Amino acid sequence: MANAAAAVRPSRNQKKKSHIKESLGSCIFDVVDVIVILILMLIVLVPLVHVLWASFSKPALYAAHEGLLLWPEGFSLESYKAVFRNRNILTGYGVTIFVVVIGTTLSICLTAIAGYVLSRKDVMWNHLITVLIVFSMYFNGGMIPFFLVVKGVGLNGSIWSLIIPTAVDTYNLIIMRTAMAGVPAELVESAKLDGANDWTVLWKIMVPLVKATIAVLVLFYAVYNWNAWFNAMLFIHDKAKEPLQLILREVLIQNDTSSMTAGSDTDAYLISETIQYATIVVATVPILAVYPFIQKYFVKGVMVGAVKG
Amino acid sequence: MKDRKVQKGSGGNAAVSKLTFRQRCAKDWQKNKLLYLMIMPILIYYAIFKFGPMFGLSIAFLDYKPARGILGSRFVGFKHFKAFFTNYYFFRLLRNTIKISLCSLLTFPCPIILALLLNELKSAKFSKVAQTVTYIPHFISTVVVCSMVIVLTGSGGAITQILHALFGVEEKAMLNNPSYFLPIYVLTELWQTLGWNSIIYLSALTGIDQQLYEAARVDGAGRWQQMLHVTLPGIAPTIIIMFILKMGKIFNVGYERVMLLYNDATLNVADVINTYVYRQGIVQAQYSYSTAVGLFNCLVSFGLVLITNKISNKLNGSGLW
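Quick note, the sequences are listed as chains A and B, same order.
For what it's worth, this note's numbering labels the leading residue of the first sequence as 162, then goes sequentially.
For what it's worth, this note's numbering labels the leading residue of the second sequence as 53, then goes sequentially.
Since the hints were made in silico from the structure, they are not lab data.
Since the structure is predicted, the reported quantities are computational estimates derived from the model, not experimental observations.
All residues carry an ideal CB built from backbone N, CA and C; glycine is no exception.
Where hints are given, some of them may not hold.
As the list claims (entries may be wrong) - Covered stretches of chain A (chain B as the covering partner; in silico rule of three or more C-beta atoms under 8 angstroms from a C-beta of chain B):
1. 234 to 242
2. 261 to 269
3. 395 to 403
Stated by the list, open to error - In the DSS-like style, the derived pairs of lysine-lysine whose C-alpha atoms are separated by at most 30 angstroms in a straight line are:
4. Lys400(A) - Lys117(B)
5. Lys365(A) - Lys151(B)
6. Lys79(B) - Lys282(A)
7. Lys298(B) - Lys457(A)
8. Lys219(A) - Lys224(B)
9. Lys301(B) - Lys151(B)
10. Lys301(B) - Lys312(A)
11. Lys83(B) - Lys353(A)
12. Lys177(B) - Lys372(A)
13. Lys83(B) - Lys312(A)
14. Lys365(A) - Lys83(B)
15. Lys312(A) - Lys117(B)
16. Lys312(A) - Lys134(B)
17. Lys177(B) - Lys457(A)
18. Lys402(A) - Lys117(B)
Kindly produce the complete structure, drawing on both the sequences and the hints.
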């Protein structure tokens, strides 16, 4: 820090001379900055808007269109009807919602408990436990041993294989521990003098005090659970138990829209691309709809986690 | 009671250390019984799902057959490692893994630059909107992002059409062309992670002491100089930590993304160690061999973290540990 201040000192003499030039440079800087950010925003938004418009377009008109859509080509809900004709999408939605709700609840409870215990001082084994847990973040058994362990405990093929093996995320646990360690010890002590035990202190005092962090971690776990597909590919072998993302992979990447397209082959060919777009919209809208409402929490929460260690 | 303990400080510690280890354990258990009971399920979780696989790595040295279990399987030493190192695909996998990682490492400064640009914006409102927009892709699943890329760069995809009009790119599925795989992969990753990865730098930026900027201004530093001499040194520790963490992931390149984007036509440039592990281990059920490959991968990653950490400790004394 001191170096930084010292390093700019030589320019003091030039202050007067370069004053006008600098303010001009500063202006150019501002303009370029805004332009670059605007371009970035366009790069993010244009593909998304294209997907949205394409999903509402008439398949035949869309097929004839060249380049990115700035407006839907005709208007048709045909693609959406086709998406919802696919029963797998609906069951996938059900599975995903189950995993998001139950999985996130379980994760957040376990993370809160572990975060609380590990944030206590004067607990003899805490240091060792923390070291082991952090170690598991940098070194892990890898895909195949993990697969065999989950199979070994009998979760293979069960919907719980999408919840239990990934229940606690170490990084989130550390964020929780850091937040709880920041709560003044007097609050906990005084509650204990009133006869509360650690379990009551955790839920009655600690959780309300760190609720901003908890909101962020709920978001992290929920987004993870909503987007996860790899473990489902490893452990789920029954179409009825596949989560949405795995179904999406079949529809979108392995290009299997056969269950959704009815009628002649050319129709199927024309409609399949707009179906893919409609599927993307159906799968993405829920999480994007929630996102603006929780955004104000996570910037704060990430800051909590940004504290080293 | 607590106050007294704190006051005594070292005196109290001396008294504690006089107790034997067993007595200390007993005392600790008496005091913190409930805490230990509370964390028990989490310890069991870690033992099974995090440390279980670590012990499971031992099958890399066995001819593991699920029916016989770990103890009943034959010990074969480094047979599987030798098989991998002499495998026809070994160099291809190593080359692809390193190439893809290094290319995605090139994008490492991008979120830092974005954070700086967002930080320099005059209008707080515009900055907020820009943040909201650039974070969006993080919330779109990898499956969806990759499928968007596949559709948009397909034979009739919008991106293909635009590139055809501008640069005369052939109107065929771009992801079937091996020379396009790497740029598409890196850009997809960048599109999805750029905004989100900038958050951590943004929050580091808010931690910089404003007085430093004032001091710099008094000294006549322009915006550019302030950025160079105040802002960058201020977020340097965060940059270093993120860089070390990134090094640890080098050999674990986003294989989910690779798996979603590659196909038979691009296997030659896209197949990385982890996708190979998946095909050998899960699809073909060669558990021991694929675990050996995974272990090799894991050790190299861990080694890279250690080396980077050491170097950064030497250079400026701020590493992970």
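Here's how the hints hold up against the structure:
1. With a threshold of 8 angstroms between beta carbons, the proposed coverage of the segment 234 to 242 of chain A by chain B is violated, since 0 of its residues qualify and at least three are required.
2. Coverage of the segment 261 to 269 of chain A by chain B is violated [criterion: at least 3 residues with CB-CB distance below 8 angstroms; count 0].
3. Only residues whose beta carbon comes within less than 8 angstroms of a beta carbon in chain B count, and the segment 395 to 403 of chain A has 1; fewer than three means the coverage is violated.
4. The straight-line distance between the Cα atoms of lysine 400(A) and lysine 117(B) is roughly 28 angstroms, inside the 30 angstroms bound, and the hint therefore holds.
5. Of the supplied pair hints, the one linking lysine 365(A) and lysine 151(B) is violated, its CA atoms being roughly 52 angstroms apart against a limit of 30 angstroms.
6. At roughly 15 angstroms between alpha-carbon atoms, lysine 79(B) and lysine 282(A) fall within 30 angstroms of each other, so this suggested pair holds.
7. Proximity of lysine 298(B) to lysine 457(A) is assessed by CA-CA distance (about 27 angstroms); at most 30 angstroms being required, the pair is judged to hold.
8. For the hint linking lysine 219(A) to lysine 224(B), the alpha-carbon distance of about 23 angstroms falls within 30 angstroms, and the restraint holds.
9. This hinted pair checks out: lysine 301(B) and lysine 151(B) have alpha carbons roughly 13 angstroms apart, not beyond 30 angstroms.
10. A threshold of 30 angstroms between alpha carbons decides the hint, and for lysine 301(B) with lysine 312(A) the separation of about 26 angstroms falls inside it, so the pair holds.
11. Straight-line distance between C-alpha atoms of lysine 83(B) and lysine 353(A) comes to about 13 angstroms, which keeps the hinted pair within the 30 angstroms bound.
12. For the hint pairing lysine 177(B) with lysine 372(A), the CA-to-CA distance comes to about 26 angstroms; that is within 30 angstroms, so the pair holds.
13. Taken as a hint, the lysine 83(B) and lysine 312(A) pair is broken in the structure, with Cα atoms around 38 angstroms apart against an allowance of 30 angstroms.
14. At most 30 angstroms may separate the alpha-carbon atoms for a hinted pair to count; lysine 365(A) and lysine 83(B) meet this at roughly 21 angstroms.
15. Taking the CA atoms of lysine 312(A) and lysine 117(B), the gap is about 14 angstroms. The hint holds against a cut of 30 angstroms.
16. Of the pairs offered as hints, the one joining lysine 312(A) and lysine 134(B) holds, with about 28 angstroms between alpha carbons and a cut-off of 30 angstroms not exceeded.
17. For the suggested pair lysine 177(B) and lysine 457(A), the alpha carbons sit about 13 angstroms apart, so the restraint of at most 30 angstroms is met.
18. Taken as a hint, the lysine 402(A) and lysine 117(B) pair is honoured in the structure, with Cα atoms around 28 angstroms apart against an allowance of 30 angstroms.
Violated hints for the displayed structure, listed by number in ascending order: 1, 2, 3, 5 and 13.
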